[in-house]
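Engineer: Chains as they are written, first to last, in numbering that gives the first Met the number 0: chain R, 0 to 325; chain V, 0 to 325; chain B, 0 to 325; chain X, 0 to 325; chain Z, 0 to 325; chain P, 0 to 325.
Hints in this document: simulated from the structure, not taken from any laboratory.
Misleading hints may appear alongside valid ones.
Same chains, same label: a pair holds when it works inside one copy or across any pair of copies.
[What the hints assert, rightly or not] Capping the alpha-carbon separation at 25 Å, the derived lysine-lysine pairs in PhoX-like fashion look like this: (1) K38 to K52; (2) K57 to K308; (3) K308 to K83; (4) K83 to K319; (5) K83 to K26; (6) K52 to K308; (7) K26 to K308; (8) K57 to K83; (9) K52 to K319.
6 protein chains.
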Amino acid sequence: MAPLDIPRLAVGDRVQHELLVREREDKQTKSGDPFIALKLGNSSGVLGANVWKEDVPKLQGVRPGQVVQVIGTIESYQGRRQLKLTAPPRVVPLGAASADDFLPRITQSTDELWARVDAWRAEMPASLRRVVDLFFADDAFRQEFSRTPGATRGHHAVVGGLLLHSCEVAEIARASARTMGGNIPLVTAGALLHDIGKTQSYAVELAGFDYTRAGQLLGHIVLGSLMLDERLATLPPTARPSDEQRLELHHFIQSHHGIPEYGAAVRPMTLEAELLHFADNTSAKGNDFADAMTDTELFPSVEQEFSAKRSWRLERRVWKRTHRWD
Amino acid sequence: MAPLDIPRLAVGDRVQHELLVREREDKQTKSGDPFIALKLGNSSGVLGANVWKEDVPKLQGVRPGQVVQVIGTIESYQGRRQLKLTAPPRVVPLGAASADDFLPRITQSTDELWARVDAWRAEMPASLRRVVDLFFADDAFRQEFSRTPGATRGHHAVVGGLLLHSCEVAEIARASARTMGGNIPLVTAGALLHDIGKTQSYAVELAGFDYTRAGQLLGHIVLGSLMLDERLATLPPTARPSDEQRLELHHFIQSHHGIPEYGAAVRPMTLEAELLHFADNTSAKGNDFADAMTDTELFPSVEQEFSAKRSWRLERRVWKRTHRWD
Amino acid sequence: MAPLDIPRLAVGDRVQHELLVREREDKQTKSGDPFIALKLGNSSGVLGANVWKEDVPKLQGVRPGQVVQVIGTIESYQGRRQLKLTAPPRVVPLGAASADDFLPRITQSTDELWARVDAWRAEMPASLRRVVDLFFADDAFRQEFSRTPGATRGHHAVVGGLLLHSCEVAEIARASARTMGGNIPLVTAGALLHDIGKTQSYAVELAGFDYTRAGQLLGHIVLGSLMLDERLATLPPTARPSDEQRLELHHFIQSHHGIPEYGAAVRPMTLEAELLHFADNTSAKGNDFADAMTDTELFPSVEQEFSAKRSWRLERRVWKRTHRWD
Amino acid sequence: MAPLDIPRLAVGDRVQHELLVREREDKQTKSGDPFIALKLGNSSGVLGANVWKEDVPKLQGVRPGQVVQVIGTIESYQGRRQLKLTAPPRVVPLGAASADDFLPRITQSTDELWARVDAWRAEMPASLRRVVDLFFADDAFRQEFSRTPGATRGHHAVVGGLLLHSCEVAEIARASARTMGGNIPLVTAGALLHDIGKTQSYAVELAGFDYTRAGQLLGHIVLGSLMLDERLATLPPTARPSDEQRLELHHFIQSHHGIPEYGAAVRPMTLEAELLHFADNTSAKGNDFADAMTDTELFPSVEQEFSAKRSWRLERRVWKRTHRWD
Amino acid sequence: MAPLDIPRLAVGDRVQHELLVREREDKQTKSGDPFIALKLGNSSGVLGANVWKEDVPKLQGVRPGQVVQVIGTIESYQGRRQLKLTAPPRVVPLGAASADDFLPRITQSTDELWARVDAWRAEMPASLRRVVDLFFADDAFRQEFSRTPGATRGHHAVVGGLLLHSCEVAEIARASARTMGGNIPLVTAGALLHDIGKTQSYAVELAGFDYTRAGQLLGHIVLGSLMLDERLATLPPTARPSDEQRLELHHFIQSHHGIPEYGAAVRPMTLEAELLHFADNTSAKGNDFADAMTDTELFPSVEQEFSAKRSWRLERRVWKRTHRWD
Amino acid sequence: MAPLDIPRLAVGDRVQHELLVREREDKQTKSGDPFIALKLGNSSGVLGANVWKEDVPKLQGVRPGQVVQVIGTIESYQGRRQLKLTAPPRVVPLGAASADDFLPRITQSTDELWARVDAWRAEMPASLRRVVDLFFADDAFRQEFSRTPGATRGHHAVVGGLLLHSCEVAEIARASARTMGGNIPLVTAGALLHDIGKTQSYAVELAGFDYTRAGQLLGHIVLGSLMLDERLATLPPTARPSDEQRLELHHFIQSHHGIPEYGAAVRPMTLEAELLHFADNTSAKGNDFADAMTDTELFPSVEQEFSAKRSWRLERRVWKRTHRWD
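Only chain R is shown next, with the shape it has when bound in the complex (with noise of 0.2 Å):
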């Protein structure tokens, strides 16, 4: 059976699927009556699902992270399309679940993605393609890099995340280095290579992104060099790149977050490192303003010109326009 497809859902719809409990909260009405608002959702996003007092003893035992079967129709509350469950949600046993199909995912083509990816690497001169190849040939690589989110909460937090913002990064520093005079190859192989311990770093879960346990001790930039370097090993000597090369690479890793207050080991020494760290900025906080535009903790109501308080992402309130161009 085909996922629901919940931003489609309209008032009326029945549903009868698979989807995993993101979030249970135990409440009480204003009249002092107990009743559970529940979060379920799958990849193509969350929905909500409110269980009043005589059906609260149905959902004990049911905890986020669970994936459930639920049966019932769309309804409109206070504005917004929630599930009204007709039968108690019955949980799916563990196994038969993966976490990549129930969490949120981009809505992107990942096969286009990699079209542009592979575009890009055929682009690319003998001795850097090498290197590159070392993950993106490699398809166990290219299955763990196309379900690693961007971060555990953040820009890109969603699963196929960090390929998007790999895309989007080599993107704009190609063009970046287009204007400026950079070499287009190597920061395009500095964008892809950037992120790559990101898929030690975070583990997908039924209950959400997490850490790793090396991603809590050494983070991503410290792991994306120890890989860089296991991989390299592989190669035969002769094959392998110069010591100049090498550092290179390592550098763009290294360099990426700018200055060491934000987890550089090194500033940018390159005009290529910079503009790679450049384009890596725009991209994550570029996607921090769309996702806040569909934020409905900063725009609780839809008729907002600004957002109720800060985006914690962005640190400061954010506008959406009223008015149009033309």
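Add chains V, B, X, Z and P to chain R, keeping to what the hints say.
Structural biologist: Leaving out everything else, chains V, B, X, Z and P in the frame of chain R:
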């Protein structure tokens, strides 16, 4: 007579041209003899000339900011080309010289840059173009904009630097808007308008670039907004942008430095303002890197791989890679 | 009917007045019964009123920002005066209420403050007075200036706060100019003009003080300079200040926050601008201290010597001395 | 013989006086000849004197910190008055000279400043005055306080600077207490006591102002509190301030720098301590501005409108307005 | 009767002891019934006790800071030991209780710590010991020092914490002085004296640890120096340390926080003062780590490897390794 | 021939040895004559030698980084010992000289330091020792580690400085682990491994210490982790540490600078990592203090009590106490 093309001079070339005295230093040789180290320049570059012991008295009265007629030949001194004067330089009367002709200048074609600006204007929706044209369809403003540097010292500190910088910012911002889903004509308008206040902040004089009184007391960001309102007031009321549109344009100017610490009155509150801010930084820092590579204070010897000291513009050392990627 | 004089109410007093609903909180007693904690106010102050279990339904539809007709008596609850409602409050139609009458207001006489402003204007040299009068001799502006708060929350956040704050700043700046050898009329003009942009930055509404769109997107400092140039343009050319004089007045506005981190476009470059900056801070922080002493969140009990927590406005705890000096 | 009145010297005046050698620099003319640039001074100011080639040997042994008998005439050199020595300066034996007579000094009358202090003391309530008088009714302390500078370099770094600064602080703090509702005698006591530790922190010697060992190791803030407790211990127990009163006076001393980063042990926790802090800053920065206007390093040419570089005391450039307001 | 040994209680144990009410929270069960969560403690630790619905009224008037007689048995609740009350707690009259007996206390033996202090004193040269003994040979001071915590909340915030912390600092500073060539007895004296001001800064009361008025208004660093001078004044003049020696001891106190931002009046200017500063930090942060490992807010579940959130004392997450090194 | 023992040279001693030219400055006497100030050194120290007017030409071609054969005698010049050359120095061919013999060196015995290291290794549990021995049981690594400085300039910037620093850190960390309850062998392993990356970051050359390309582009922290993984890969799989153990060792390296601003990839998350961090700082700053006491730029005169200026390594002035404690 065509101005001297300094970058193309070869040892043995004969020089008989007007040049601007950029610097004069009265020094002593190790053996205690007086000599004068001159830096002479025009819009194409700068050339050193040492005047030795017996000729020192002939330079009495020659000061930076004067244009002089020089006669001499190009010779090699400590591995660099230098002018050997065969006659004492003669000061040219002030009236005859225009600062723009003697100060360093962008190497790009001004016409080509304007062609890009005009193509972008042509694509803008009417409401936006009307405002942009208040400046960019005004020949007097274009002339002023063409000669203003991007800074008195620092990035793009050459005649035409503001035009070049604005075009770079527009290009990078357009590319990132394309990638991140921003409004391309709008961010282009922001890029063109963001630094207009610099035309009133910097003075272009034979003695070099300097701040104007208004530049010192208010800075280019406030001046930009004052200029915008001044020109908007010349539009017939019906042709004026709406209140929201006007505020959005001011917001580009006021937020483009990103954070108050760097002079922004407010932080960027829209995706487009954020993208403009990053594009501004990318152009500025990219230019800093390009200049660093040819800065003889940073790289006194051509064999050096790392700059001898920190670049004050980049606040770090920079690396000139010696390897190739092929 | 004269508005209720809240600070003078005594236990047993009967109340039958229109009051603004400032806050409404739906809570539960320890035994689980619903009750509503109201804060009702007018320009003289704020009064609490709890509505218990059986009357809760009568408050349906009563929301902050509404003016209600209340009937009740003053009683003592947990050591504080409180209103006991004897009938459900009745919502008064919107058209009949003006925000200024129901929001908190300075206790000082507006007329006396204006008398001081007018006396200072009378002492100014003609060139200075002509500019100051563009605003302070204009009745519409005076009315606007009279009702604007000094902030939406924070120092002088009451109707009339901007007028009071400007007068305090003027007085302190005049005294320090006298001591330190500054130009007294000039620093007075700076004090009157420094915050004029706040009239366009803050909205005074029944729901409370808020930022306007312009206040959010540009801030009061930029708006002040735009307003100054707008009014200067209305002077006949011969009556306009010189370029230097105009820049000096803008410089007061742009530098009064002292450093860029706090929003100054430039740092104060004259003695008078520096004195204005310190006077501005002194008035603001002095007002913060005065408010802290009567803040029941900081001093929940009257016996307390030190505030129970940090004042967010002062970022520290404050001390209410219990001794006298005599 | 009355000391030389340096500010009133005119070209052609004859000088035969004792002056302190403030600086001595051994230099060379452009033609390679040795010469010595002296700065000679007394309490009224400083005077330059160049000693040329043939007279250089006569200055052997003349060092900064010595008092010399000079004979010469005033002439004009590069637009400034300067002393032309007609005989080699003769070193005056050390015992005969007092540092106070030869170091720069405030131009205000010490007696008038003390008269103000005494008037303020007379207005104080008894409990406060008893503590203030421990210092300010003690002739030995007054003498010490009269000669201490406000700093070794920086604001009020002249003999009498501490007295002048303390009076300025008192005046500004009194005015702001009047405006903001503070306790005027209390803030005056705070102003008089806040810097008493400087009398033990700075040494006044012919070689100039310097830190004492205690000033280096503890700083004037801690020393002030130690001095206060030392003198309080001399009061009969019944005349001592209460514990709270004593702590409040210490609190003025400990908090007057406002924040720990600038040396405050604690932040000001009362209105009066806060007002004292701002008054302290206002006096210091106001003095920095006054000094900047006559600083020939900042304004090497009298035509300059903006200082040639940043003032290190103000950390910014300053503006000398050329227009008038009338 | 011996006080209850809380850490050693086992399920089923019977309790009939006096305990201090540390916290009381009035809450509701999910089904809406009221209950009270108590935290009861003595010097050995803290124990939870929930009082359910029907017994809630019996706890009327029981407040934190009171000592109560409790009767009950130990049971297991959600995996933790908890007290089940079998009778309502009875409030013990105030006079009968000493705060020291009921607040948490160091687990180390006070006598052993004093033995170390005394051994260190015995090794000190006479001039140093004379000053140290002014405090550490005075029984009243020792008693005070024994009961003072190291902080009101934060590191060593238990009865005896100051003594333990001072010993830890001394031991670490002695070891680093041995390694780095510092004066061992001197740095030991610094370690013993550095925090003496805390005895006047913190109050030990049944309601918990709190700041005294002097602690709020001046802080422990200034108080330490005032205490030192007060006791030095009691020495006969011939037995007093020299001026330099006295200043060096004050310098230890004033510089031990390292930088002004953290409260140091001056930065450490000697090797020994620097070593003391690092030893102070090492003891404080080491204690923070030890406490974090047993903090149930950081590690709500015993299976957790990483703390659930940041420790506010360490400003980071901490790791509880699960492996062994053997 | 044994190398010259510079610290033991006495006036009148005859010198005929090879020394490294550390600095050469071409200067002029006050009377305008040229002279050359040389600094000559070997592993025991540095010696000044001035070459006067007539001998200047004989030093043509003598440059820093060369080893020269010098002949002369020790004389006293301005209170310091200095070499008077009796013959022009003769340049020794490059091949014959090893940088280690001519650069400054620790005064401690390398053998004794290694003995301590080996004793610590002997106490380690097997799983820990296996990793430590990958480096410290490898003669090639020991040789490299023995000659690496602790920094290119700054603390321990001498041949052998890294070994000495690592031992100091180990000793201090062991003592604080003993006091604070940490794992002693583990923190010792951390101390030995924390700076291994410096062996690849610094170059030891006759011209002095410098950064390698890898040191510039990545820094010693990243290099340390890359080196660790490289050597771990050489262990047979069964002998490798577990994943957690490996991460803990990397965590020591990555966190030892404490906070990102100072280069840490992550903050220390275990007690042992925190203790290592403080021990590292203690050794570094302790060494800074020791060096400051003998630095003739800080103490140009032996009578000085306070350094003439701030130490750039300690960012403050330092105090050389003149009293004794006995």
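Engineer: All hints are to be evaluated individually against the structure, with a verdict given for each.
Structural biologist: Hint check results:
no.: 1; hint: K38 to K52; in the structure: within (17 Å within a copy, 32 Å between copies)
no.: 2; hint: K57 to K308; in the structure: neither (36 Å within a copy, 32 Å between copies)
no.: 3; hint: K308 to K83; in the structure: neither (30 Å within a copy, 35 Å between copies)
no.: 4; hint: K83 to K319; in the structure: neither (31 Å within a copy, 43 Å between copies)
no.: 5; hint: K83 to K26; in the structure: within (17 Å within a copy, 27 Å between copies)
no.: 6; hint: K52 to K308; in the structure: neither (32 Å within a copy, 33 Å between copies)
no.: 7; hint: K26 to K308; in the structure: both (24 Å within a copy, 24 Å between copies)
no.: 8; hint: K57 to K83; in the structure: within (14 Å within a copy, 30 Å between copies)
no.: 9; hint: K52 to K319; in the structure: neither (38 Å within a copy, 41 Å between copies)
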